[in-house]
Amino acid sequence: MKLQVRNLEKCFTDKGTYVNVLADINLDVYDGEFVSVIGPSGCGKTTLLNCISGLEEPDSGLINIEGEESQSRLGRVGYMPQKDLLFPWRTVLENALLGMEIRGHSRIESRKRAGELMERFGLDGFEYKTPSVLSGGMRQRVAFMRTLMTDQELIVLDEPFGALDAFTRHQMQEWLVDIWSSMGKTIILITHDVDEALLLSDRVIVLTARPASVKLVVNVGLPRPRRYRMVTDTAFIALKEQLIRALWSDEV
Amino acid sequence: MKPEAGFGVASRDIGRLVLYLIPPGIITSVFVIWELSVSLFDVPVWLLPAPSDILVEGKENYSLLWHHTLVTLKEVVFGFLVALGVGLVLAFCMVFSRAFERAVYPFIVASQTIPIIAIAPLLLIWVGYGITPKIIVVALISFFPIVVNTMDGFKAVDSDAMNMMRTFGASRWQIFPKLQLPNSLPYLFTGMKIAIVVSVIGAVIGEWVGASEGLGYLMTRSIPQFQTDRVFAAMFILSFLGIILFMLVIALRRVIVPWYQSEEYKS
Ligand SMILES: Nc1ncnc2c1ncn2[C@@H]1O[C@H](COP(=O)(O)OP(=O)(O)OP(=O)(O)O)[C@@H](O)[C@H]1O
Ligand SMILES: [Mg+2]
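If you're matching them up, the sequences are chains A and B in order. Taking the working numbering, the leading residue of the first sequence gets 1, the next gets one more, and so forth. Taking the working numbering, the leading residue of the second sequence gets 1001, the next gets one more, and so forth.
Watch out, some of these pointers could steer you wrong.
[What the hints assert, rightly or not] Simulated crosslink set (DSS-like; lysine-lysine; CA at most 30 Å straight-line):
(1) K129/A to K83/A
(2) K15/A to K1155/B
(3) K1178/B to K112/A
(4) K185/A to K1178/B
(5) K129/A to K1059/B
(6) K83/A to K1074/B
[As the list claims (entries may be wrong)] Here are the simulated distance ranges between beta carbons:
(7) F1107/B to G104/A: 38 to 44 Å
(8) A1251/B to G125/A: 36 to 42 Å
(9) V1077/B to G125/A: 29 to 35 Å
(10) E127/A to V1077/B: 38 to 44 Å
(11) R120/A to P1023/B: 39 to 45 Å
(12) V1157/B to G104/A: 52 to 58 Å
For the record, the hints were derived by calculation from the structure and aren't laboratory data. Built from N, CA and C at the ideal position, the CB exists for glycine as well.
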């Protein structure tokens, strides 16, 4: 078991008003699993990730990583933000190495591994360029590399493809699954996009509107490798219907 | 090739040329009007010298002016470097200790409200007559824009970038050199651009209250003797000095903060 979340609650008080964001979230994520979380806009998805990664402290509840309840989770969970956050004063390669540098990986070793991975990330030839010359998809891949190359095994992704055009997004989705299956990471992905959730994950978790709790967990039994054209398969459509019904059931 | 494309490029080049020609054009026309008015109304040299008189003065007393220019330049450069050092250390300490910031910031602001003209003579009493009091005056007025801007730069870090560093497990001592410091460099250079120009004023004020060398001293000595052309020559040299130093700071920024250029023109 990679991650265990039990009875997680979180509220914010903002200028006197009290906002209950997470109400009793329970979640299990297994080693090497790819889990997606979808939910209505503003329901608390980012807050959930912030709690898991240690950026925020929950008000109550347990978060166990690899079976141990750890007080300081900062540094144990890789975080892939929506913005690529590349530093303009670093070259592409130096940006990709940032995470490893901070975590004290050997310099020579990291450079060697990064050099090998550049081609798989579609970045060879750009190692010594500044990030400003990269396209949106390439910038995103550098950001992935920065997070995925560290020793952090659990990675949380907050709508990483939201800013990309549809074509680049599909490319990046396939590419992410490739990387994930070869690197042995455990991934929690937040998304708005039902197709994306079904194409990428082993399980999809649907959250309710705020205050968020788990409404539905769907096991995606579709065979891998999955390709984009599978969105028209009957099995896919059945799952999609299930998810959409759960997402929109509050609506009349 | 479409004919209008060629025309577009040509007209853009002409537009840029015009932009480059604006400053020298305006300066030249001011001088021409000045020269003509002085000769037309027969203004005496001790009242208002014509640009040609100032040029002649500059040529005849070249070595005298050069000597005093070097003295003032030395005060400006040393004072500015002291301000840079002190400013960076203060900003660094303030960003690392909230208590230090609260204790020191009021004094930093207060130091700018005290008229420098009042402090400069006191410095003569305290540290003597040489180059030291001038360096102190220069440093005193030019450290302020450096501290304030650098502080802002340290603090103006994108909160998402900060969070990303924290999720890597970064300590304060890693976040500072890898994120806050490089992030603050464009701000530091904005502070330096202001500081280098006020440094020139500081040096002249320092010399004004008591000196035996420097362009400020030369001006105070020349006024009672009605050597107005020499005063003007000194003023032109000072402006020129300020512009050159300002451009040097910008050139340095291009070398040290090359990414700033590309960020600047993106939006
Ligand atoms: N630091 C905070 N202080 C006060 N309120 C907050 C804070 N952070 C989040 N909130 C509130 O909590 C709610 C959930 O925010 P969150 O960003 O987690 O939602 P989300 O599901 O990620 O939304 P989106 O789909 O737009 O990304 C929002 O109503 C937001 O206003
Ligand atoms: Mg969000």
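Between the alpha carbons of K185/A and K1178/B, is the straight-line distance 30 Å or under? holds, 27 Å
Distance restraint between K83/A and K1074/B, which requires alpha-carbon spacing of 30 Å or less: At roughly 47 Å apart (the allowed maximum being 30 Å), K1074/B and K83/A break the hint.
Lying within 29 to 35 Å: is that true of the beta-carbon distance V1077/B to G125/A? Between V1077/B and G125/A, where Cβ atoms are some 44 Å apart, the hint is violated.
Consistency of beta-carbon spacing, G104/A to F1107/B, with hint 38 to 44 Å: Hint holds: Cβ distance 40 Å, inside 38 to 44 Å.
Need the status of pair K1178/B, K112/A: alpha-carbon distance at most 30 Å? holds, 22 Å
Check whether the Cα positions of K129/A and K1059/B lie no farther apart than 30 Å. The given pair, whose Cα atoms are some 51 Å apart, is violated under the 30 Å limit.
Whether the CB-CB distance between V1157/B and G104/A falls inside 52 to 58 Å: violated, 22 Å
Would you check the hint for K15/A and K1155/B, treating anything up to 30 Å between C-alpha atoms as holding? Holds, at about 23 Å.
Are the Cα positions of K129/A and K83/A separated by 30 Å at most? holds, 20 Å
Does the Cβ-Cβ separation between A1251/B and G125/A fall within 36 to 42 Å? Violated, since A1251/B and G125/A (Cβ atoms, about 31 Å apart) do not stay within the stated range.
Does the Cβ pair E127/A, V1077/B satisfy 38 to 44 Å? holds, 40 Å
May I ask you to test the hint 39 to 45 Å on the CB atoms belonging to R120/A and P1023/B? violated, 53 Å
The earlier numbered hints that this structure contradicts are 5, 6, 8, 9, 11, 12.
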